[in-house]
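Here is how the chains run, residue by residue.
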Amino acid sequence: MGAVFFQQLANGLVNGMGYVLIAVGLTLVFGVLRIVNFAHGEFYMLGSFATFFAMSLLGVHYIVAVLMATVVVAGVGVLANQVLFRPLRREHEFTILMVSLGLSLVLANGGELVFGADPKYISSPFADDAVELGSVFLTWQRIIVLVAASVLICLVYLFIRFTRMGKMMQATAQNREGAALSGVNIDWVHTYTFALACGLAAAAGALLGPTAVIFPTIGEWAVLKAFIVVVMGGLGSMGGAVAGGLILGIVEALGANYISIAFKDAIGYGIVVAVLLWRPAGLFAPRQ
Amino acid sequence: MRRFVFPRAAAAGVAMLLLVPLAAVGSYFQHLLVMWMLFALMAVSLNIIVGYLGELSFGHAAFFGLGAYTSGMLTVFGGVPFWLCLIAAPLVSGAFGLAIGYASLRIKGPQFAILTLGFGAILHSVFLNWVDFTNGPLGITKISPPRIPLLGLEISGGIPYYYLVLFFLLVSAYLCRSLMRSRTGRAFIAVRENDMLATSLGIDVFRYKLLGFVAATMMVGVAGCLYAHYLKVITPGLFTLHYMAPMVIMVIIGGKGTVTGPIVGSLVYVALLEVLRASGSMRMLVFAVLLTLSVIFLPGGLVSLLPFWRGQRGGARQHD
Chain C
1 MGAVFFQQLA NGLVNGMGYV LIAVGLTLVF GVLRIVNFAH GEFYMLGSFA TFFAMSLLGV
61 HYIVAVLMAT VVVAGVGVLA NQVLFRPLRR EHEFTILMVS LGLSLVLANG GELVFGADPK
121 YISSPFADDA VELGSVFLTW QRIIVLVAAS VLICLVYLFI RFTRMGKMMQ ATAQNREGAA
181 LSGVNIDWVH TYTFALACGL AAAAGALLGP TAVIFPTIGE WAVLKAFIVV VMGGLGSMGG
241 AVAGGLILGI VEALGANYIS IAFKDAIGYG IVVAVLLWRP AGLFAPRQ
Chain X
289 MRRFVFPRAA AAGVAMLLLV PLAAVGSYFQ HLLVMWMLFA LMAVSLNIIV GYLGELSFGH
349 AAFFGLGAYT SGMLTVFGGV PFWLCLIAAP LVSGAFGLAI GYASLRIKGP QFAILTLGFG
409 AILHSVFLNW VDFTNGPLGI TKISPPRIPL LGLEISGGIP YYYLVLFFLL VSAYLCRSLM
469 RSRTGRAFIA VRENDMLATS LGIDVFRYKL LGFVAATMMV GVAGCLYAHY LKVITPGLFT
529 LHYMAPMVIM VIIGGKGTVT GPIVGSLVYV ALLEVLRASG SMRMLVFAVL LTLSVIFLPG
589 GLVSLLPFWR GQRGGARQHD
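Residue numbers (our numbering), protein chains in the order written: chain C, 1 to 288; chain X, 289 to 608.
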C-alpha cells in the first residue's frame, strides 16, 4: 500500500515536471506577447523528432542530440515569430489564436509528411536501467527528466528575475507600451521569449521522448496538457504553471492507481474544472 | 437597400440548394452533397458561438459527438425509432451545453477556448474509455437509417437524405437570420463588440451568452444525430480536433457572423477535400495554410467578397 503510493507519487512527480516544462513556455508567451500559442505542442513534437533524427542520422550521443534539438527548435520558434506573429502584433487576439491554430495544423501535418506517420522510438542509453530509491523504482531517463526539468525551470526563473533581458520581459508583460516608451526593444523581447519558450518545449520533447514512442501528432497531446496546466495555474503566471503541472501529474498518477487507469485523463481534467469553478482565473492569476 | 436585396438572394440560394440534386449523377456525388449539408449544419451552429457571440469554443465537436452517440446508442442498444432520437440528441447535447456553458462562460477569450477544449477532452476520454457503456474505440456500428413511420419507407443514402438534412439546415439558417434581427440578436452583437458597454446598458451578458451557447450545442446535436444515421458508424473520434478543426476552418473561410458564410465554407471544404483526395496527408496542410491566409487577408471570409463582385462596397458585411 505505502510502496505503491510512493511509486505513483514519484511517477506523478516526473510526469508533472514534464508538464511544467511544456507549460512554462506557453505561459511565458502568453504573459509577454499576449499570444495563446496553439502551436506550442508542435515545438514539443519537433524537439522529440529533432532528437531522434540527430541520433539516427548524425549518430551523436543522446545528450548532444537533446542540446542540438533544443537550439534548432528555438531557432524555428524565432522564425515562426518573425514570419507570422510579429506582423500580426496589432491584430485582435482571436485572429492570432486562429493563426496559431493554422500553424499548429501546418506543423503537425507537415511533420506527418516529412517524418512519416509511424511511431518512432528515441533509444536513450538511460531508458533501460532502473534505480531503486527505497521502495521506489525509476529509470535513469525519468530521473534525468526530473533533474533537468527542475534545473531548467530554476534557470528560467533566475533569468527572468535577475538579468537585464528578463527584467525587460517582465516590463513588457506588465505594460507593453510603457516598456516601449522606457526604451525596451519590444522586438528583441519577443524574439527572446519565443526562443526561450520553444526551446523549453523542445527540451521537454527531447527529454520525455524516450519514455514513450513519438509520432507527429503528439503535439496535440502536449498542447492540451499544457493548456490545462496553465489555465489551472493562471495564464501568464510561472508559479501557476509549476503548481498546475505538478498537481496534474500527481492527480493523474494517483487517480490512475486508485480509481481507474482508463479514466486517468478525465480525472486530471476534472480537477482542472473543479479548480476553475472555484477560481475562474486560475490558482495564481496575475493581476491584469 | 440590404433589406431589399437579401430576400431575393436568399430565395435564389434556397432554390439552388433545392435543385442541386437534379444535377447530381452518381451515388458518390450524392454522398458528397449529403456530407456538405451535414458539415454546413455543424458550421452554422458553431457560427452562433464564433460569429455572433464572438467566443471561440473548441469543445463544439464534443457536442456533435454527444448528439451522434445519444442517437446511435438509443437506436442500436434501445431500438428507439429515429424520430425520437432526433428529439433526444439535441436535448442531451443541450443539457451538457447548459452545464458546460454555465461553468465556462464566466471566463472569456483564450481562456474560454482552452476550457472548452478541456471539457471536450473529458467527454472524449469518457466515451473512449467507458467501454461497457459506449463500446470504446470500436464505436457504435449498424445504426439503422431513418424510417418514415406510417409508410415504412427508409430514408437512406443519396438524394432523400440530402433533402432531410437540407430541411434542418434551412430551418437552422432561418432561425439564425431571425435571431440576428431580433432584440436578442442585437444583444448578442452588443456583447460581442463590447461586453462592458453591453453590461452597462443592462444586458445580462452571461445569460445571453449561455442562451447562444445552448442553442448552438442543441443545433450541433441534431447534426450529430443526422450524421450517425447517415454514416451508420460512429467512433469517439467525433469528439476530437479531427472534427473541430474542420468546423473552425469552414466558419472562418466562409465568413463568420453571416448566415451564408458557414454554408459556403463547408462547400469549399467538402469540394477541396475531394479535389485533394489523391494528395493524402497534404490535404490538412492545404487547409491549414488556407485557414491562416484567410484569417490574415480575408477576415470576413469568402462571402465578404460577394458585394465586391456586385460592385456595391457599401454592404460588405451583413451583420457588422
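Source of the hints: derived by calculation from the structure; they are not laboratory data.
One or more of the hints may lead you astray.
[To be verified] Cβ-Cβ distance ranges computed for the label pairs, FRET-style:
1. C:Asn185 with X:Leu519: 50 to 56 angstroms
2. X:Trp371 with C:Val213: 43 to 49 angstroms
3. X:Lys430 with C:Gly59: 39 to 45 angstroms
4. C:Trp278 with X:Lys430: 43 to 49 angstroms
5. C:Phe126 with X:Phe421: 37 to 43 angstroms
6. X:Gly314 with C:Gly59: 52 to 58 angstroms
7. X:Gly525 with C:Val213: 18 to 24 angstroms
Ideal Cβ placement from N, Cα and C applies to all residues, glycine included.
Verification of the supplied hints:
no. : hint                                       : verdict
1   : C:Asn185 with X:Leu519: 50 to 56 angstroms : holds, 55 angstroms
2   : X:Trp371 with C:Val213: 43 to 49 angstroms : holds, 46 angstroms
3   : X:Lys430 with C:Gly59: 39 to 45 angstroms  : violated, 52 angstroms
4   : C:Trp278 with X:Lys430: 43 to 49 angstroms : holds, 44 angstroms
5   : C:Phe126 with X:Phe421: 37 to 43 angstroms : holds, 41 angstroms
6   : X:Gly314 with C:Gly59: 52 to 58 angstroms  : holds, 54 angstroms
7   : X:Gly525 with C:Val213: 18 to 24 angstroms : holds, 20 angstroms
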